[in-house]
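Asker: The primary structure of each chain is shown beneath.
There are 2 protein chains.
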Amino acid sequence: MSEQDDREQTKARRHRERQQRLKEKVDAKIAAATEERGVLLVLTGNGKGKSTAGFGTVARAVGHGKRAAVVQFIKGAWECGERNLLEPAGVPFFVMRTGFTWETQNKEQDIAAAEQTWADAERLLADPAIDLVLLDELTYMLSYHYLDLERVLSALKHRPAHQHVVITGRACHRALIELADTVSEVQPVKHAFEAGIKAQPGFDY
Amino acid sequence: MSEQDDREQTKARRHRERQQRLKEKVDAKIAAATEERGVLLVLTGNGKGKSTAGFGTVARAVGHGKRAAVVQFIKGAWECGERNLLEPAGVPFFVMRTGFTWETQNKEQDIAAAEQTWADAERLLADPAIDLVLLDELTYMLSYHYLDLERVLSALKHRPAHQHVVITGRACHRALIELADTVSEVQPVKHAFEAGIKAQPGFDY
Chain A
243 MSEQDDREQT KARRHRERQQ RLKEKVDAKI AAATEERGVL LVLTGNGKGK STAGFGTVAR
303 AVGHGKRAAV VQFIKGAWEC GERNLLEPAG VPFFVMRTGF TWETQNKEQD IAAAEQTWAD
363 AERLLADPAI DLVLLDELTY MLSYHYLDLE RVLSALKHRP AHQHVVITGR ACHRALIELA
423 DTVSEVQPVK HAFEAGIKAQ PGFDY
Chain B
243 MSEQDDREQT KARRHRERQQ RLKEKVDAKI AAATEERGVL LVLTGNGKGK STAGFGTVAR
303 AVGHGKRAAV VQFIKGAWEC GERNLLEPAG VPFFVMRTGF TWETQNKEQD IAAAEQTWAD
363 AERLLADPAI DLVLLDELTY MLSYHYLDLE RVLSALKHRP AHQHVVITGR ACHRALIELA
423 DTVSEVQPVK HAFEAGIKAQ PGFDY
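Residue numbers (my numbering), protein chains in the order written: chain A, 243 to 447; chain B, 243 to 447.
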């Protein structure tokens with residue numbers, strides 16, 4: 243065997259050993275996690291992908307025959323592509339009856355709309371037939387003091403044990419982060435916007 | 243008018259003014275971004291939500307009547323919930339014929355499988371009828387040197403001008419980050435795993 247073949251074989255063996263150690267680590271972690279219960283997932287931060295990941299989770303749940311529901315707290319006048327696919331697949335949508343909050347400039351009206359929509363969320367969070375609830379852009383309702391924090395926390399804490407919840411939005415309140423099981427912070431590294439590329443249907447909304 | 247009413251009114255006025263300034267900023271940004279073209283979006287980092295955001299983008303595109311396709315470079319034995327929903331909705335799936343890379347421990351076999359799957363990706367990236375291509379978990383193929391970086395960059399650079407591409411996976415290669423229009427880094431704040439909660443169908447896969 244040439245010296246080069248020998249080096250190649252050693253390299254290949256080391257690669258297999260590294261993969262084996264990685265596999266053992268992953269297997270041990272999987273074996274240690276045995277509890278099955280509803281997960282509270284928070285997707286926060288200023289980067290693109292939070293709501294999209296929320297809707298992706300809904301698509302995944304529906305694909306597994308689970309019952310999912312969507313509550314949208316901030317929604318522009320734009321048509322929502324996900325809704326066109328998911329609503330006919332049996333996912334009910336509850337949408338706050340006001341545009342982007344910074345377009346209404348009427349705090350009382352926003353608060354009333356937020357509370358009405360939260361009442362829809364509360365019904366879903368009390369319904370054991372619902373496997374997954376997406377609370378899209380909920381975080382702003384707390385940053386703007388449109389919803390009472392204790393009321394929100396209480397509904398989340400008392401939901402059915404198997405029910406998953408996904409909360410999206412920037413600057414998530416610390417109390418929600420603490421309550422959550424999984425939290426991802428989506429940070430913007432760069433955005434097409436800055437390069438002059440406009441938001442496009444079927445990609446950005 | 244009482245002093246308290248006065249204070250409340252001032253507070254409400256200031257709120258409206260803040261919202262107005264925010265709206266003006268957003269409007270100015272939107273007006274400045276006028277170019278319409280395919281966006282290369284990279285979702286990287288170690289947090290939960292990258293692939294889910296990728297599939298959410300596919301769901302959004304399909305909801306708008308766009309043609310999307312999915313290429314999955316790493317895929318366990320688990321059933322994929324998104325596929326059950328998206329494939330019947332007309333989204334073709336191309337899945338690399340090997341399990342999680344750290345379960346195969348055969349570098350030559352992994353490289354052959356990666357190259358075969360990349361050939362599928364190349365066909366999609368050359369097809370102007372496809373509006374969106376999701377390259378799920380592509381980043382690992384570059385970190386493990388399973389695919390040639392120049393070959394990957396070339397197909398991305400020469401794709402149809404209107405075609406959007408989403409790339410997901412940890413530790414994305416710097417050259418892809420540079421080429422991308424939008425990059426989000428999904429960072430884990432905490433994960434249910436660590437609290438002993440197991441991965442559950444319809445939520446984690």
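A few of these clues could be false.
No copy is singled out in the list; a pair is fine if it fits within one copy or between any two copies.
When the alpha-carbon atoms are kept at most 25 Å apart in a straight line, the in silico SDA-like pairs for lysine to any residue are as follows [unchecked claim]:
| # | residue 1 | residue 2 |
| --- | --- | --- |
| 1 | K432 | R412 |
| 2 | K267 | P430 |
| 3 | K308 | E329 |
| 4 | K349 | D369 |
| 5 | K271 | H257 |
| 6 | K432 | D247 |
| 7 | K349 | L264 |
| 8 | K440 | R263 |
| 9 | K432 | R279 |
| 10 | K308 | N326 |
| 11 | K308 | A403 |
| 12 | K253 | L282 |
| 13 | K308 | P330 |
| 14 | K399 | L264 |
| 15 | K265 | A417 |
| 16 | K253 | A368 |
| 17 | K349 | F335 |
| 18 | K399 | I353 |
| 19 | K349 | R325 |
Just so you know, these hints were derived from the structure itself, not from any lab.
Because the structure is a prediction, the values reported are computed rather than measured.
Asker: How would you classify K432 and R279 at a CA-CA limit of 25 Å: within, between, both, or neither?
Answerer: between (36 Å within a copy, 17 Å between copies)
Asker: Taking 25 Å as the upper bound on the Cα-Cα distance, should K267 and P430 be classified as within, between, both, or neither?
Answerer: between (30 Å within a copy, 18 Å between copies)
Asker: Using 25 Å as the alpha carbon limit, work out where K399 and I353 are close: within a copy, between copies, both or neither.
Answerer: within (23 Å within a copy, 47 Å between copies)
Asker: Pop the pair K432 and R412 into one bin, within, between, both or neither, using alpha-carbon distances up to 25 Å.
Answerer: both (16 Å within a copy, 17 Å between copies)
Asker: Regarding K349 and L264, is the shortest C-alpha distance of 25 Å or less found within a copy, between copies, in both, or in neither?
Answerer: Answer is between: at 14 Å across copies they meet the 25 Å cutoff, but 53 Å inside does not.
Asker: Checking K265 and A417: alpha-carbon separation at most 25 Å within a copy, between copies, both or neither?
Answerer: The answer is neither: 35 Å in one copy and 28 Å across copies each exceed 25 Å.
Asker: Given a CA cutoff of 25 Å, do K308 and E329 count as a within-copy pair, a between-copy pair, both, or neither?
Answerer: This pair counts as both: shortest intra-copy Cα distance 14 Å, inter-copy 17 Å.
Asker: Evaluate K308 and P330 at a C-alpha cut-off of 25 Å and name the case that applies: within, between, both or neither.
Answerer: Close inside one copy (14 Å) and across copies (17 Å); limit 25 Å.
Asker: Between copies, within a copy, both or neither: which fits K349 and F335 at Cα up to 25 Å?
Answerer: The answer is within: 24 Å in one copy meets 25 Å, while 46 Å across copies does not.
Asker: Given identical chains, is K308 near N326, meaning Cα to Cα at most 25 Å, within a copy, between copies, both, or neither?
Answerer: both (18 Å within a copy, 12 Å between copies)
Asker: How would you label the pair K349, R325 (within, between, both, or neither) given a Cα cut-off of 25 Å?
Answerer: Neither: 27 Å inside a chain and 42 Å across chains, both beyond 25 Å.
Asker: Given a CA cutoff of 25 Å, do K253 and A368 count as a within-copy pair, a between-copy pair, both, or neither?
Answerer: Result: close neither inside a copy nor across copies, 56 Å intra and 36 Å inter.
Violated hints for the displayed structure, listed by number in ascending order: 4, 6, 12, 14, 15, 16, 19.
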